[in-house]
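Given the coordinates of chain A, assemble chains B, C and D onto it according to the supplied hints.
Residue numbers (our numbering), protein chains in the order written: chain A, 4 to 155; chain B, 4 to 155; chain C, 260 to 339; chain D, 260 to 339.
Accuracy of the hints is not assured; some may be wrong.
Below, in silico cross-link-like pairs of lysine-lysine (DSS-like), each with a Cα-Cα straight-line distance of 30 Å or less [to be verified]:
1. C:303 to A:127
2. A:127 to A:46
3. A:127 to A:149
4. A:149 to C:319
5. A:149 to B:149
Worth flagging that the hints you see were computed from the coordinates, not collected in a lab.
Below are the chains, spelled out letter by letter.
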Amino acid sequence: MRDVRLLAKGFSPAPPLAALARACPDAGGIASYTGKVRAGGVKVLELQHYEPLTLPGMEALADRAMQRFELDGVVVWHRTGHIRAGAPIVLVAAASRHRRQSIEAVDFLMDHLKSAAWFWKREKREDGWHWIEPRAVDHTDLARWKENSARV
Amino acid sequence: MRDVRLLAKGFSPAPPLAALARACPDAGGIASYTGKVRAGGVKVLELQHYEPLTLPGMEALADRAMQRFELDGVVVWHRTGHIRAGAPIVLVAAASRHRRQSIEAVDFLMDHLKSAAWFWKREKREDGWHWIEPRAVDHTDLARWKENSARV
Amino acid sequence: MSARIVFLGPLRDLVGVDDLDVPAPLDWSGLLEAVPPSVADQLKLERVNIACAGRVLSDKTALCAQDGEEVALLPPVSGG
Amino acid sequence: MSARIVFLGPLRDLVGVDDLDVPAPLDWSGLLEAVPPSVADQLKLERVNIACAGRVLSDKTALCAQDGEEVALLPPVSGG
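So here's chain A without its partners, still in its complex pose (with noise of 0.2 Å):
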């Protein structure tokens, strides 16, 4: 199972987490990670995705991860538009065999869609809007999995 989607409105993690496991009977186990707006300071943010290039990424960056980490399923969902404080911008759920496997795949999905997704974000603060860039972790979190790709 691999469900890869772009959402122009807001989504709840539990009825794709729910779905993940009811299609994964044989995984002893699903990771998630569910990013959302912070409270603090934030208004609203953006996420402007470019058609062409954001969804065919995003699921060709799935089919690495459910080689790569020889998972039974794979839900990697991302908000566009607009997104008030509080609302859920990613979830991203790996079911596998093995534990380690799916946490893993966890942190490698969310690495890639972090630094290296076709998205563009910016927030509205007080004093207007600001374009984020990822921060100097946000690429070095990313070459760890450059690093071990040798091994895997």
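Below, chains B, C and D without anything else, positioned relative to chain A:
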């Protein structure tokens, strides 16, 4: 928020995950792991515990995770008794400011629950009951956190 | 005979429009002349990528957009 | 004047009962005599722990259970 429970009956992961999200509005993300009884071969699984040690041990583990990974909130739910194929055994979830803290906290919590918490697990297969002991890899997984303890 | 230049993220703010139709074929030097100087300066930076017809170019100076193709200007991304 | 020995996991299977009341005080050699030889053999292994009054002993041979206290025999764990 610290929600640690030993549960004699079945549970669904969705309500505690939603409660954690509500309790931690300033967290940028929530990572989770749900472990369940795999469908193939095992008819039923039994988890024994020892009242004076098991819950206090889980509470101390949750406190260590809160402090080490600077969490806003943590959920550690673990079943006891007889559990049928497909049902959840364990749920851990962590809410944090930054993404990797919650993902690493989930990894940390599961490694410790798997081979350093006071549970004894046996599986009923076609040919009767079999006690489960941690695999060598579980001990290796656990040792990662000891090596790193000087850093954190 | 035209190609469409698509501005994304902060580059869209610099231009004030979503896209711009220009004569095709369009190469790298034609692109630098077709956009405002502030955008051209950005395009020369290594961290800004270009996609043509839905494919990211490994060498953006090799751009050669044909009639009907879309050229997307891609500043550094930030998702999740 | 008695202490209670509690058997857990696979050790419970060896004995066939959940617990056993024995005279207190109970020390390490008294414990080895109070349980079946198959359990005593297990207790001598490093991977089997002992808790007394709700605390795991760092040196199990230093056991000294008083009246009313519980002595839990803890084989290797497996949770999650």
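Each hint, compared with the structure:
1. C:303 to A:127: 28 Å, holds
2. A:127 to A:46: 6 Å, holds
3. A:127 to A:149: Not OK: residue 127 (chain A) and residue 149 (chain A) at ~34 Å, beyond 30 Å, violated.
4. A:149 to C:319: Cα-Cα ~23 Å, so holds.
5. A:149 to B:149: 26 Å, holds
Consistency with the previously given hints fails for number 3 only.
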